[in-house]
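K.L.:
Protein chains in written order, with the numbering used here: chain A, 3 to 378; chain B, 3 to 378.
Derived from the structure by calculation, the hints contain no laboratory data.
This one's a predicted model, so the numbers in the text were calculated from it and none came from an experiment.
One copy or any two copies: either way a pair holds, since identical chains are not told apart in the list.
Using 27 Å as the maximum straight-line C-alpha spacing, the simulated DSSO-like pairs for lysine-lysine come out as follows: (1) K302 / K323; (2) K217 / K110; (3) K93 / K110; (4) K93 / K213; (5) K323 / K56; (6) K217 / K107; (7) K56 / K66; (8) K20 / K323.
Number of protein chains: 2
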Amino acid sequence: METPQVHNFGAGPCILPKSVMEQAASAVINWNQSGLSILEVSHRSPEFESVVLKTQLLVRELLKVPDDYSVLFLQGGASTQFSMIPQSFLKTKGAYLDTGYFAQKAIKEARFYGDVQIVASSRDRDYTYVPDCDNIHYDADYIHTTSNNTIEGTEIFNFPKLGIPHFCDMSSDIFSRPVNVRDFDLIYAGAQKNMGPAGMTMIIVRNALLKTVDKTLPSMSDYRVFRDNNSLYNTPPVFSIYVSMLNLIWLKDKGGVEGVEQLNIRKANTLYAEIDRNTLFYGLANVAHRSRMNVTFKMKDPSLEREFLDFAAERGVVGIKGYRTVGGFRVSLYNALPLNSVNILVAAMRDFEGLKYSSSIISNTEKELNKAELYA
Amino acid sequence: METPQVHNFGAGPCILPKSVMEQAASAVINWNQSGLSILEVSHRSPEFESVVLKTQLLVRELLKVPDDYSVLFLQGGASTQFSMIPQSFLKTKGAYLDTGYFAQKAIKEARFYGDVQIVASSRDRDYTYVPDCDNIHYDADYIHTTSNNTIEGTEIFNFPKLGIPHFCDMSSDIFSRPVNVRDFDLIYAGAQKNMGPAGMTMIIVRNALLKTVDKTLPSMSDYRVFRDNNSLYNTPPVFSIYVSMLNLIWLKDKGGVEGVEQLNIRKANTLYAEIDRNTLFYGLANVAHRSRMNVTFKMKDPSLEREFLDFAAERGVVGIKGYRTVGGFRVSLYNALPLNSVNILVAAMRDFEGLKYSSSIISNTEKELNKAELYA
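Construct the entire structure; sequences and hints are all you get.
P.N.:
Given below as structure tokens:
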């Protein structure tokens, strides 16, 4: 039985390049002709240590990470970072930019460790925009932002510059565009969007920041332990790191984050243009803050949404259902998603509109006929 | 180029069954004919939720987990449990059985949260035995033990029965033998030995124990959060859970933990018999506490160890070098290691002995000849 072509717009764990999947599958059987699977290789072997090193170097090269920053690989997901950051750095107060569901989660965990100041929030309009916070007065140990709001479909294109340490959750748009690492003191990202398989979290941290930690911490919550042990304090998520390495090699071949950004802009523009043109759909996010990674939209007639999901699924379009708290559709356009998949979705939207338009003509015609019969 | 047959005696991440690797590789390309890779499947999809459920049911069936226990899948490794346990359960004092390197690590992290009482230690004889602690007086919130000491090569066959909650690190012998779950209140195990790929940690916890937690905890450090969200509070280590499921299906087909225990006993007996017979080698652990999972031994002449490593490597034997603090050899005999691999190692030990014996005869003969020439 042939498997139909699938266009995976899922929000994460998400699509990775086909060639990366093929190399990963091959390494599960026999890694580098070693006769061993990548799953049974010692994390203390020189071969795997060089995988860790190469992955770090690729991160450094692709994101132009300055030498005075460390690149670490942890477990637990971004959710663990919601705690680890305040545990290490919240002394009096943490400032948080409230841009949605995951920012809220970070805020909740920070409250466990001390005071939280929400410097600005877009909650008033269902998180459909990114609030400005440059001119807000605050007095905090750090500011925490979320660069891309996966559920709400907004993205920060102008980060606040504030003179206090800036920590940023880049889980859902890391490696999708260039970023000036020097504008941040700690960047973190769960791997399962543009980096690799779920189970690994990347940290990019300014070394000087780690010097400000003046207390003893549990080892697995201490960034210094991971830095001092080159992310090999305990058994790391071997496979996630390895596949991330493969994926970053792929990204480099595609022209790096600069190259993929151009493709991502084209994919996003194609889809947003159709949302704006199509009479059945409308976008949720403020146009200036529209995410290139996660596009959120709804139908003017919500009763048609189920039908459109099925209509699109027949063409292999999967993973476009909106998050339960938002509803409608969420279409994720991560690096590995081809432009062709976007074109197929756009064609489905057009054809569905055409179908509805003609059925509405038929329906109206039928009504007229019925009326005519009635008054005949 | 054909890859030579490799016998992987590594301590972990370690060997998994070949058929499991093949299924895992296939799922990386196209999972269940879905057209999607297992790496790009949403953890919120019904298909993946059923993987989590099936893995939990297999754990329950294989280890006969009673209904009033929960089975959870976390990240971070056993090292994260060293902290999470005292963070949740250490109110006044935690009692620890000090049986080696990883027990020491658990003790170190517990001290961050309160008093630690080391109820017994085998440190006096380089952790080559398991100290008795049944008759020791203590007064603590719980006792913590390590069922198998990976680095030192000892294993607990008679667990202390103590009337206080019993927490056990079973990372390196879980699923290698039956265990009476009711004797424990919380069992934890990093996946990367007998369960699956690195990046996942299994918890088996008595529900009543979780009711004794009377404080707010960071979400990712709170067992209750994982239980209440069926291990899907945040993105879990999808691939590690999936491959664990495949591996536990394999284990069930092999007769479960009862079946594999018989094979493990046979493998261990075969190797220990050769260590005891061979004039060049000697075992490190007390015979009554010899681990079936990790066999530690040395050579009477340590200068031969490097040569034996190379000699064995020529026959495809890898991963037998001892841990750096112990030296000598550590041979791991996890579930997926075939008896044939043990036979090949044993043959290498015999042949190496033969080689040394004959070269010593030649060497002596040469000396005699030289002497004869000298006095000719």
